[in-house]
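S.K.: Okay, here's what each chain looks like letter by letter:
4 protein chains.
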Amino acid sequence: MENIGKKDWAISSSRIPFHSNGEEPEFVSHDKVAILNTNNQDAEIEIFVFYEDESPVSFKEIKVEPQRLKKIRFNDLIDPTAMKLERNYSCFIQSNINVVIQFSRLNTGIAENAEMSTMAFPVDT
Amino acid sequence: MENIGKKDWAISSSRIPFHSNGEEPEFVSHDKVAILNTNNQDAEIEIFVFYEDESPVSFKEIKVEPQRLKKIRFNDLIDPTAMKLERNYSCFIQSNINVVIQFSRLNTGIAENAEMSTMAFPVDT
Amino acid sequence: MENIGKKDWAISSSRIPFHSNGEEPEFVSHDKVAILNTNNQDAEIEIFVFYEDESPVSFKEIKVEPQRLKKIRFNDLIDPTAMKLERNYSCFIQSNINVVIQFSRLNTGIAENAEMSTMAFPVDT
Amino acid sequence: MENIGKKDWAISSSRIPFHSNGEEPEFVSHDKVAILNTNNQDAEIEIFVFYEDESPVSFKEIKVEPQRLKKIRFNDLIDPTAMKLERNYSCFIQSNINVVIQFSRLNTGIAENAEMSTMAFPVDT
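Residue numbers (my numbering), protein chains in the order written: chain A, 1 to 125; chain B, 1001 to 1125; chain C, 2001 to 2125; chain D, 3001 to 3125.
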């Protein structure tokens, strides 16, 4: 059950909503990636964020423990710089070993608390 | 029309909601997988559930009859241990023959009864 | 721009909702497949529907004209037998030439008129 | 981090909703594609739109700058002809270099402001 997934994943359409209606922290609008590492060693992850009108930024030193799931909220990525709200972005996620990555959004700023989720695109390398 | 799909599938972002507003059992919040077996023999399925902070658990001896669809509600997986509510998990699903697996969620605990569905990731083996 | 897509596609998790709140026909709850044929000849389609507790049924003689999109509402499949409402089903869709297939659902029986869409699984053959 | 994605992508099930309830321009109903270009050169994009009952139309000379994301609203495609509202369409998107394409819809004409997003189908060429 080792080696499941791919090393490289991409999502082109993301946006952290600004408005939130719910309670902190569960119902605050957010974009998240869920990373599954089925291997017996840590997965070392780097997230590259691309914008419409600015150079890409890289967030490093993210680890997923062996045989664990890790959920990363884009709102929490603050080093070297915080993600801005209400701004379109794409991301390319690179791991040193195979993982499975899914992307989801909770938008609580509109009446229906829209929940959306899709598998990321598994890049062939 | 035999041999359609893959043996191994993965979903990284799952969570059984705690709150429900609807009638039992149709509108109780749930996560489900739908497994399609187009073959002329039983598909024998094992589901491995991964958590953020605990060792993975395996649910065995799940069968899908020949040329049938089977829907499995994660709320109903109780042996060797029940799935906990409001807890993030991933799953890796392994079949002895090719099947097609789709994942869906109904969240009736928020006003809009959000319904979400995505194909699982077909692992190449 | 010929030969785009795959011949065989599968969806495992479908269900035609019974309750509807909207006006006929646009807001009646339905499951649909959208088939894109970019080729210069007709695409001849056969849809196999699988159930949880009954033998599969095949719907034949569905054509998609050259360089056209065709949307098929499962509610409208009535020959050799009508699709039943509120019943889980999967489908396997086979074309004689490459096409692109996407699945979508509109559920108007619950307050939020949930709209869901996912690419079908492109079967390798 | 060059060369991520595919050159050719397809989406079969699209429709620009007519009714809108929100403020301009953020909450006007729309269909969008998000194109991520991780390369060090411009991506030159052509979008072919297919209909149910009319010949396909091609929208040319769309560029995505190096290492940038570009979101294209189908409502804004007006040359050689404007996209019509409330009409089903498919699209095939062709790039001269590898890109990652995701499709999303915001439908504000129904009570719940449904938000939907799915990766486009990566065509093997």
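Since the hints were derived computationally from the structure, they do not count as laboratory data. One or more hints might be untrue.
What the hints assert, rightly or not - Pair by pair, the computed Cβ-Cβ distance ranges are: (1) B:Glu-1086 with C:Asn-2040: 50 to 56 Å; (2) C:Glu-2054 with D:Arg-3073: 43 to 49 Å; (3) C:Arg-2087 with B:Glu-1086: 27 to 33 Å; (4) B:Arg-1073 with C:Glu-2061: 32 to 38 Å; (5) C:Asp-2076 with D:Leu-3085: 20 to 26 Å; (6) A:Glu-44 with D:Glu-3044: 34 to 40 Å; (7) C:Asn-2040 with D:Lys-3060: 17 to 23 Å; (8) C:Asp-2042 with A:Asp-79: 53 to 59 Å; (9) C:Asn-2040 with A:Pro-66: 51 to 57 Å; (10) D:Lys-3060 with C:Lys-2060: 35 to 41 Å.
All C-beta atoms in this analysis are idealised placements derived from N, C-alpha and C, irrespective of residue type, glycine included.
S.K.: What hint numbers does the structure not satisfy?
M.R.: none
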